[in-house]
Structure formats: structure tokens, C-alpha cells
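Protein chains in written order, with this note's numbering: chain A, 1 to 294; chain B, 1 to 429.
Quick caveat, the hints were computed from the structure, so don't treat them as lab data.
All values derive from a computational prediction rather than experimental measurement.
It cannot be assumed that every hint is accurate.
So the derived list for chain B, only partly shown, Cβ under 7 Å to chain A, looks like this [as the list claims (entries may be wrong)]: (1) E103; (2) Q242; (3) P252; (4) G254; (5) T260; (6) E267; (7) K318; (8) D398; (9) T405.
Where is the CB? At the ideal position from N, CA and C, for every residue including glycine.
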Amino acid sequence: MSSAHTTRNQVYGWLLLTPAAILLITFTHYPAIATLAQSFFSTGTVSRPSKFIGLDNYRSMLEDEVFWKVLENNIWYAVGTIPISIAIALLMAVWVNGKLPLRGLVRMSYFTPTILPMIAVANIWLFFYTPEIGLLDQVGALFGFASHNWLGDTDTVLGCIIAIAIWKEAGFFMIFYLAALQTLPPELEEAAKLEGASRWTFFRRVTFPLLMPTTLFVLINAVINSFKLVDQLFILTKGGPDNASSLLLYYIYEAAFSFFDQNYASTLTVVLLLMLAVIAIGQFVILDKRIHYR
Amino acid sequence: MIGRFRRVTKGLALSLFMMFAYAQSAVAVELTMYYPVAVGGPLTKVVDGMVAEFMKANPDIKVKAIYAGNYNDARIKALAALKSGQPAQLSVMFSIDIYELIEQDAIVPFDDIVETPEEKAWLNSFYPALMGNGRTGGKTWGIPFQRSTIVMYYNKDAFKEAGLDPNKPPATWDELVSMGKKLVKKTGDKVDRWAIMIPSTGYPYWMFGALTMENDQVLMNSDGNKTFFNATPTVSALEFWQELGDKHGIMPKGTIEWGTLRKNFLEGRTAIMWHSTGNLTVVKKKAKFDFGVAMLPANKRRGTPTGGGNFYIFKKTKPEERKAAMKLIRFLTEPKRAAEWSIKTGYIGTSPAAYKTPELEKYVADFPPAAVARDQLEFATPELSTYQAGRVRKLLDDAIQSTLTGKKPAKDSLGSAQTQSERLLKRYQ
Numbered sequence: 001m002s003s004a005h006t007t008r009n010q011v012y013g014w015l016l017l018t019p020a021a022i023l024l025i026t027f028t029h030y031p032a033i034a035t036l037a038q039s040f041f042s043t044g045t046v047s048r049p050s051k052f053i054g055l056d057n058y059r060s061m062l063e064d065e066v067f068w069k070v071l072e073n074n075i076w077y078a079v080g081t082i083p084i085s086i087a088i089a090l091l092m093a094v095w096v097n098g099k100l101p102l103r104g105l106v107r108m109s110y111f112t113p114t115i116l117p118m119i120a121v122a123n124i125w126l127f128f129y130t131p132e133i134g135l136l137d138q139v140g141a142l143f144g145f146a147s148h149n150w151l152g153d154t155d156t157v158l159g160c161i162i163a164i165a166i167w168k169e170a171g172f173f174m175i176f177y178l179a180a181l182q183t184l185p186p187e188l189e190e191a192a193k194l195e196g197a198s199r200w201t202f203f204r205r206v207t208f209p210l211l212m213p214t215t216l217f218v219l220i221n222a223v224i225n226s227f228k229l230v231d232q233l234f235i236l237t238k239g240g241p242d243n244a245s246s247l248l249l250y251y252i253y254e255a256a257f258s259f260f261d262q263n264y265a266s267t268l269t270v271v272l273l274l275m276l277a278v279i280a281i282g283q284f285v286i287l288d289k290r291i292h293y294r
Numbered sequence: 001m002i003g004r005f006r007r008v009t010k011g012l013a014l015s016l017f018m019m020f021a022y023a024q025s026a027v028a029v030e031l032t033m034y035y036p037v038a039v040g041g042p043l044t045k046v047v048d049g050m051v052a053e054f055m056k057a058n059p060d061i062k063v064k065a066i067y068a069g070n071y072n073d074a075r076i077k078a079l080a081a082l083k084s085g086q087p088a089q090l091s092v093m094f095s096i097d098i099y100e101l102i103e104q105d106a107i108v109p110f111d112d113i114v115e116t117p118e119e120k121a122w123l124n125s126f127y128p129a130l131m132g133n134g135r136t137g138g139k140t141w142g143i144p145f146q147r148s149t150i151v152m153y154y155n156k157d158a159f160k161e162a163g164l165d166p167n168k169p170p171a172t173w174d175e176l177v178s179m180g181k182k183l184v185k186k187t188g189d190k191v192d193r194w195a196i197m198i199p200s201t202g203y204p205y206w207m208f209g210a211l212t213m214e215n216d217q218v219l220m221n222s223d224g225n226k227t228f229f230n231a232t233p234t235v236s237a238l239e240f241w242q243e244l245g246d247k248h249g250i251m252p253k254g255t256i257e258w259g260t261l262r263k264n265f266l267e268g269r270t271a272i273m274w275h276s277t278g279n280l281t282v283v284k285k286k287a288k289f290d291f292g293v294a295m296l297p298a299n300k301r302r303g304t305p306t307g308g309g310n311f312y313i314f315k316k317t318k319p320e321e322r323k324a325a326m327k328l329i330r331f332l333t334e335p336k337r338a339a340e341w342s343i344k345t346g347y348i349g350t351s352p353a354a355y356k357t358p359e360l361e362k363y364v365a366d367f368p369p370a371a372v373a374r375d376q377l378e379f380a381t382p383e384l385s386t387y388q389a390g391r392v393r394k395l396l397d398d399a400i401q402s403t404l405t406g407k408k409p410a411k412d413s414l415g416s417a418q419t420q421s422e423r424l425l426k427r428y429q
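Next up, chain B with everything else stripped away, as it sits in the complex (with noise of 0.2 Å):
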């Protein structure tokens, strides 16, 4: 009996040495890669279909992409990964998520693995203004693959209505109030159409980067370890948002959720709304109005951060694994691929080359907006990221919230959040 049973177990375990064995040959290194999907659409889908593309041309390479939720979830989920020791190698992790992963020594800057001077030519192959989150210390820790950019989405009917060119959408803060005030309808008391919503739930911080990079402020230096939240032309950016509002009228008071804000331009009650580039596939579909997309209008200059998400290589990873990993993002980021995944999704194509494929040529020639957030790359900075990220976004949050709410005048609640946010990056300094 027991000899009958000690066959069996020896039987198993030679097949199953031998099946291991099989796998090793057939695969040389395995990969694991978390990425986040932040806006609607079956994006999941498509970075599936890419990475099966590049599992067929390179035979000798198994990666498992994991869907992980929000920009939020996928951060916690990779760095749950690396504490747990069944680490990932690479990860689409948020663009301005670069200084916590340099504290907490979890990735390698590109220029460590890079070797050819054709593979160092690559790195400098994207627009300069998606680089900004991704570069610090003079290394590159993060390469640009699903970023986006703030664009203004507008009802063309609505503006036609309400007797203003169609194609000439607001591009300075004064004719967007003049036009705003026209494009307000009322019946009696009640607004059926607002003229513009900014969301400031969410990722309020971001839509004020725009608003302050049009007052020509930055809001923080690029070594992360300074905000400039109190500075005038800050204050007077967020005054400005908060007036639209109070004093004239042609946005909801209070704050304005990000998540239904597409469903209240798609619906007819707002002329215009700021989001994120990532939306303009959906929009296109679900529009049954003709709408026109242009560049955030301008006060002292024009201005918008990058969003999005970029590349990382973790730094617990063997050389051919940091290897395998190079291959699959320049796979990933090829001007061909970075095409279709532009076309497919509404985000930047993130290099100039993209842009000069037959692909994206005649889409950009068929749909002109699909261009806007590329031509805006020129006045774009990066998104606002320092050490200590999530809590100095969230004091920046909490101020634009309670100044748009009424509780507190911008100049207060900004100064406040920057004696904050001072007290928790003296040490970076």
C-alpha cells in the first residue's frame, strides 16, 4: 500500500519537475505590471490587446498586466506588492507619485538601465513637458504613457444659441467671463444651462494648476520641496475661480463633482467644462451636439499641468528583468502604438513621432480637437507633486474647497495651507 503510494507521489513530483522545466525553457523572464485606468472606456481592453502584441513578438517574455483600479489603488497595490517581497517589475503608476517612490527606494532611474547611446537617444524622444513629472535631480525615474492634459470641451449649438462664433471658443479669462455671461440660460430664477463647470472634487488641485500656470505661477520648485501657495498671483487665480461663482454667476456655486461633470456637459447643462483629454473618445461618442475642444484660455499667458500616468522599474529587479522591462515599455511607447493608443483613448500621443505616423495623421485630420492637447503641450508644466505628496495635495484641496464653498476668503485658507505645507517639507530641504 505504501509502496503503491510512494510510486504514485514520485510519479507526480518527476512530472511535475518536468512541466517546471518545460516552463523555464519556454520562458525566460516573467514580468508583473500594475496599471491604473482613471477614466471611463474600456481601456483595460486595449493595454490587454498591446501586451498580448508583445507577448506574440517576444516569445521568450510572460507578462502579467493586473488592472488595479484608481492611480490611488494601483500606488497601494504595487507598494503592497514590494513590502510583501513578491515584488512587481515595472508599474503605469501616477506621474507625480515620483518623490514617495524615491523615498521609499523603490524604483531605478532609466539612466541606470539604459546602455546604447540609441537607447539614450529614446529617452529624450518624448515632448519635454510630459518629462517634467518624470524627471528630478537630473535622472530620469518615470516614462510618459497614459498623460493627459486639461482641455476645454464646449457645445457648439450652445454657443450658436446664444449668438456667439462656434469657432471661436473663449481664449482669454475676460471673454470668458463676457461669454459666459451669454451663454448663462435662465428660466426666471431657475439656470437650465451654466456656462462653464471646473470640477473641484476629486483632483481640485490639478484644475487649479491651470488656473495658476495661466496667472504665471508655478506651485511648486521642480526639486519638490517648495510650494508656492500663498504667492499673489496664486491667491488671485483661486479668487478668480471662486468669483465665476460668487460675482459673476455663469458656474454652480460650491463645489463640482469630477465624476458626473461629463454626464452635465453631455446633457446639455453646462457650455462648457474643463477635464481631462482622457475623455475626449467617450465624449465623441456620446455627444448628440457638435462640440469643439480648445486650449484653456489664457490670462497672463495660457497654461495646464500634464495628468496621467507614467512608467516605472522597480529597483528589487535581476538585470535581465530590468532588461525584458525596457523592452516591453519602448514596445508599449513606440510612435505606432502610442498612436493607436491616443486614437483609442483620447490621451497624448506622448512622442512627436507619434503624431507623424499615417495613423494619427488622418485621425488629427478627420477630427481637429484630437490635436488641441498637443498643441497645448507647448504652454504645459507638470502636475503639482513634492515629498509628502498626499498630504500636501490634500492641504491645496481643502483650501480650494473652502474658499469655493464661502467658508474662508483665498487669501486665508491658501496662506494657511502654506504655513502647512512648510512645516512638512523643511526636512526635504
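Next up, chain A with everything else stripped away, as it sits in the complex (with noise of 0.2 Å):
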């Protein structure tokens, strides 16, 4: 009687997940585990049909030129938005917590970069950037700075793709950093300032903790961020001049769908699973040992 109660129990368990197995293992599972297997061969052609190369597709993309530019400047994007975004997150956020006039305003202002999609951002930011007519030139000519080619210049490119991910990315972390600090008890505040702790040094020793938690989860949207998020490259620069913007997605996707080499397309997405899964093991295991959960 209870053996079969409990059957009846997995029978049910199982059924409750299949949904979401299902949709896990087509979309999840399967591809990751296909596109790993499609980087041990060849692309085929009608006239040459795949074949098992083993490593060569790996082989041919350390010899890739521009994979080793593209990592470059990925690991740049990587330090130049995550710090910065969530930097400025906090300080944002720590701002619109406190009392200050048109708070609403001032909040939804700062979200309203997340909302609007990428391309149509881009779409804006690429008239902030043209030389001459560009917003940024025509400031800058009040001032009687000469004009930049900010976009077409091998130097700038780069940090202009940065300025526009951070802009986009800091009032999204805000927003849970805001979340986090109206669940702090107002009480401690009231300690503190009892025992006569400066703002500082109140923000240092009990906030700052107190945001670990969330800290570790913006670290890891903003980690994952930086590789995934290459949309307004396909507006502002396709990757050039001469690579100089282009980042490990983009060229994923020139290999897949300007090239047609699906199978390198696939090496280099394992490469970049592979890195991503590290780095989110790493920051789990090192950070969650710092991390103080209530």
C-alpha cells in the first residue's frame, strides 16, 4: 500500500517536471551538448560533406589573428563596464533611497536607459558619436575642442562602446540595489547614528556587507553582460575598424552567418561556455565565502 503511494508520488513528481524538462533539454541541453559536438567537424558543402577533424577547429582558432583581438578587447569591455556600472549602481542607488524631491522622477529616469532596446539605443548613441554633427562634437565645439572621429579612430572606438554599456547597464543594477536597501532595518541606522558613526563609515561597516548578496548577483549579470551583450555593434561598428570594437559574440556571429561556418562558430561558442562557467564557479566559490546571508 505505501510502496505504491509512493510510485504513484514519483509518477506525479515526474509529470509535475516533464513540462519543464522539455523545455530545458530542447533549448538548454541539447544545443549546448550539439554545438560541442559540431566543433570536432568540418563545415560541410554540398560538394564536401562534414567530416570528424578532431581539434583542428580549435588548432585554426589559436592561430586565429582576430580571435585573440576579439578576446582582447572582451576582457577591456569586461573591465571597463562591470566596475564602473556597478559603481555608479550603487551610488545611484544609495541616492534615491534617501528623501529628495521628485524621487519618482529621478528613479524612473535612471531606469529608463534599461527599457529602451539595445538597437534603437544604439541607433541614437551613433549620432552622439558622429564626427561634426555629432552631439558630442557639437558640445565639444562650444568649448573649442576640435572635432574626433570618436567612432572611426582604432584608439576610441572601444571606450565609446563601453560609455554606451555602462549607460545602459547601471540603472538596471540599481534597481536591485534599491530593492536590497529598502529591506535594511531602519533601526541600525538609528544605532549608528547613537553611537555617532560618520556616513562613511556607517555605509562601509553596514550597508556595504549588508549588499554582499546582491553585489555577488549584479557581479554575475554584469560578468555575463559583458560577453552577451553585443547588440549595438551591429549598429555603431560591425566590430571595426579593422576589429578594433569587435567582441567574442559579434565574431560568433560573423563566423556563423557571414562566414556560414557553423562549426567554427561552434568552437568558439564552447570556448566562450567554457569561460563563462568558470568565471560564475569561481565567483561562487571564492565570494559566497565572504558573503554574509541574513
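Hints given; two lone chains; assemble the complex.
Okay, structure coming up:
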């Protein structure tokens, strides 16, 4: 009787899981495994069918100058966007958490960049950066600066892309910090005031440590986004000039849909997945120990 | 209860069957066609209008014309549809996709479809220069539709202001430089107006095709398996492009954005721009100054690559679908419609007969710039198109951009592009 009951419960359990499992397997697990498998084959055409070539795709990837270039760019992109956007997000959150006039309006305007689609955003920024007629140059001209070809110069183009990403992301992260700030009990601040702690000490010793779980969450999101957020490249630079602004995911797109080399694209994707996995695991293992969960 | 349910389903099935049968009898052939739009303006409306006209004239053929984004998107969508087993029968795609499509075994040559002598003659009714990208190995794979060349748009008011004859745009590279120096307007160190802008993002290889041709050098052979990136005239063409900015100071340094160039020209920030003829109608509507259109200047000769999209018919099609697709293509490329298309967009009327229609004749008489692209066809060459087109094109694009941004001299950047493209193309020789 009781064993029949258990079986029935198990069947129930599995039935409840099935819809989610089917979705996960079709759209997440199967593609990931297929990608890995594809990376060991050559890209076939009708006259030259695809065949197993072992690690050849990985070998040619290591010899591919463009691959190393986009990887380097991606690291700079991550280094440029992650800390700054998190810092700005925290700053904005602390500010709009306090009492200030038109608080709703300020919060909304900080959050606006997040809800705009990236393609639309890129189209706007394209006209900010355009030499001569762009906003940046026109404002610069008021102060007597010479016009600069922001997106056409290999030295400035990646910085321009980073600036957009920060602008886009900071508001998004702010929302998480704001939510976390509102859960902090006000007694803490009152107690700190009684003890005579300065606002900075209070922030450093109380607020920031209590926000650490949020910071971890935001950090992981920021890292993933720094590999994922490439929509602006399609509008702004197409990775140019001379790959100076190309990022790994954009290069994967080029390999798959411009070169029609699906298997090389799979190879690059495997590398991207591995990197993200390592980073995520590292973050959980190392940072988790230092975080105070209530 | 169950009985009633059965009756209802039966009734439903029957009516569905009848609807289906009715649809079958009304529409003998159904065609799906993807097409791209690469320039500004409401071109989808024009295409939809022409397709609707076709269906009115041919009630037995139903056409689903699907706007598929830019050239890249159109190719991706059409090939994805082919792979998924729900293919389109014909599409407008980039004229330079030809080798890729042949290698994928996706398209049929028109020579296999045409039957009557009249149809064979139709294959030869287009401007030969426009067929360059549609023919290889002695067969015709693409029929020209939305085709363009590069032309020089210039601001006549700026020419007058600089003391130049507004009806004599530069005809040679030397004139371009000497006039250019007069056209640049500065206050102090700040440039208010540049003399010329040649776009170098988006499609740098296309603009470069014009410069190399003007230096009497093609970029590839007609089999699409050899490139000439490191030939001396190619290198000196890139050096000239770079010197416009670095040495002569008449063009901004660095790369120039394809997407915002038209606005730069319309706002008077550059006196001359090189751009697709596909922009002509928009510039005409929006320019607040007197502007002219001229052929690109010559060095050793005049030259421009053609550009734009061709019709292709896919291989996975039934004979009657091929026939219907041919009918549609012939309808859309008919001189009268080619003329209408050209007037509404600025693209080239694809056949000499189109320019002999009263509509286009009158339009050209009233608006002479419309004839420049046609007259320039005499000097036109195919656009860069090879096997492994995506990779080869990127090699050249990167080389051009690395030279224009001052990272590598033309000789080095083009030399390494050539070495790499030889490696890619070896197996096709």
C-alpha cells in the first residue's frame, strides 16, 4: 500500500517536472551538447560533406589573429564596464533611496536606459558620436575642442562602446540595489547615529556588507552581460575599424552567418561557454565565503 | 454526447476540406520570395505594390513577398528556410552571394529554365555590366533587380562658394585633390566643411573596388577563386585613399561611417560624398541646396563596381513553380516596371529598354542626375565576389580599415590580406 503510494507520488513528481524538463532539454541542454559535438567536425558543403576533424577547429582558432584580438577586446570591455557600472548603480541607488524631491522621476529616469531596446539606443548614440554633426562634437565645439572621429579611431572606439554599456546597465543594477536597500532595517541607521558613526563609516561597515548578496548577484549578471551584450556593434561599428571594437559573441555571429562556418562558430561558442562557466563557479566558490547572508 | 461530438468534427473536417479544395482550385502555384532593402526610403511599399499588380494580372499565382532586412539577413533567412525544408522558390539576394549559393547547391542557373528563343533573348536584354556578378562558368545564375553603382554627389553651392564651376565636378584624382583643397572650409584649426567623404564602414571593400578600378585593376578573377589584393595598383589605390585624409587633409582621418554619411552631406559638412545611387531619390527630396551627381573621377580610367541585389531561383522547386517564378521575375524586370522602380528609388533601370520608356525618358530629361549611373555603367565592373565570400571580404575590409586608421601601411595590410585569402581559396582552384 505504502509502496504503491510512493510510486504514485513519484509519477506525479515526474509528470510535474516534464514540461520544464522538455523545455530545458530542447532549448538548453541539447543545443549545448550539439554545439560541443559540432566543434569537432568541419563545415560541410554539398561538394565537401562535413567530416570529423578532431581538434582542428580549435587549432585554427588558436592561430586566428582575429580571435585573440576579440578576446583581448572582450577582457577590456569587461574590465571597463563591470566595476564602473556597479559603482554607479550603487551610488545612484543610495541617492534615490534617500529623501529627495521628485524621487519617483529621478528613479524613473535612471531606469529608462534599461527599458530601451539596445538597437534603438545604438541608433541614438550613433548620432552622438558622429564627427562634426554629432552631439559630442557639437558640445565640444562650444568649448573650442576640435572634432574627433570617435568611432573611426581604433584608440577611442572601444571606449565609446564601453560608455554605452555602462549607461545602459547602471540603471538596471540600481534597481536591485534599491530593492536591497529598502529591506535594511532602519534601526541600524538609528543605532549608528547614536554611536556617532559618520555616514561613510556606516556605509562601509554596515550598508555595503549587508548588500553583498546583491553585489554578488549583480556581479554575475554584469560578467555575463559583458560577454552577451553586443547588439550595439551591429549598428555602431560592425566590429570595426579593423576589429578594434569586435567582441567574442559578435565574432561568433560573423563566423556563423557571414562566413557560414557553423562549425568554427560552434568552436568559439564552446570556448565562450567554458569561460563563463569557470568565471561563474569561481565567483560562487570564492565570493560566497565572504558574504554574509541573513 | 459522443455522437454529437463526432458529428460536429465530421462537419468541421468536411468544411475544412472544402475550403482547402476551393483554395487549391483558385491558386495553382504559391510562391514565397524574400527580398532585402539596404537603403533609406519606403521601398517595401514599392515592392508590395508591384507584387500586388502581378497577382492581379496572374490570378493563378499567389506570391508571398517577405521583407527580410538587409542583404545579410535576407541570405540568412532564405538559406535557413531552405534548410528547414520550407523553402522559398525565389529570392532577391546580394548579387555577390552567387558563389556561396552555388557551393551550397541552393540555386539553379536560368539557362536550365528558359525554353523559348524569346526567353533566351530576354537573358541578354540587360546591361552587360550588371550581369558580371550574375554569371560564372558560362551560366547565368542571377537576374539584376535592385542594382546600383557608386556615384559622386556634390554640393553645387559649396563649389560656387569656393570659386569653382559648379557644373565641372572633378573628373580625375588630381582634380579631386586640387579642387578639394579649395573646398575645405576652416575657422582656425576647426574644419567646418570637408571636401570629400568616402565611407569606410559597412562596405569598405565596395568603395575600394571603385578606387582600384580607377587604377585599372580588378580585385578578383571571374571564377571567384583568385584575388589581387597585393597588386601594385591595388596598393597605390589604398595609399591614395589614405592620403586624402593624412596628406592632403581634405577628408577626415580614420574611418567614415556609412550610416551617417548622407546626413553629413545633407547638412553641408562635406562638399562631396561617394555613395550608392540607391540614395538618389532620398537626397533629391531632402537636400536644401543645389546638388549635382557625377561619375566617379578617373585616374588611369573611370571605374565603379556595380552593387545590389539579383533574383535567384532555388533548386528545390517543382517545374511549375520555376515557371511561375520566371513569370514573376520577368514581370518585375519588364522595362516599364524597371523604369518605375528606378524613378521611385534611384536604382538603375536594369535594361537599355527601361531608359527608352517614356516615363524614364521624361524623368531623366527633367532630372539629369538620374542618367549618371546609367552612363557610368560603361565603366562598371563586378563587385568583389569570391568563394568563401564572407571571410575574403572581411580580410579586405580589415586591411582597408587598418590602413585608414593609420595602424598599418597599405602594402603590409593588403599583403597579409592577400596571403590569407590565397590560403582560403586554394582548394577552389
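Against the structure, the hints:
1. Interface restraint check: B/E103 against chain A, minimum CB-CB distance 5 Å, threshold 7 Å, status holds.
2. The closest approach between the C-beta of B/Q242 and any C-beta of chain A is roughly 12 Å, which is over the 7 Å cut-off, so the hint fails.
3. Interface hint at B/P252: satisfied, since its Cβ lies 6 Å from the closest Cβ of chain A, which is below the 7 Å cut-off.
4. Interface hint status for B/G254: upheld, as the beta-carbon distance to the closest one in chain A is roughly 3 Å, under 7 Å.
5. Taking 7 Å as the C-beta contact cut-off toward chain A, the hint placing B/T260 at the interface holds, the least distance being around 5 Å.
6. Hint status for B/E267 relative to chain A: holds, with the closest Cβ pair at about 5 Å, below 7 Å.
7. The interface hint given for B/K318 is violated, since its Cβ lies 20 Å from the closest Cβ of chain A, which is over the 7 Å cut-off.
8. Given hint, B/D398 at the interface with chain A, holds; its Cβ is 5 Å from that chain's nearest Cβ, closer than 7 Å.
9. Contact between B/T405 and chain A, as hinted, is supported at the beta carbon level, the nearest pair being about 5 Å apart and thus within 7 Å.
Checked against the numbered hints given earlier, this structure breaks hints 2, 7; the rest are met.
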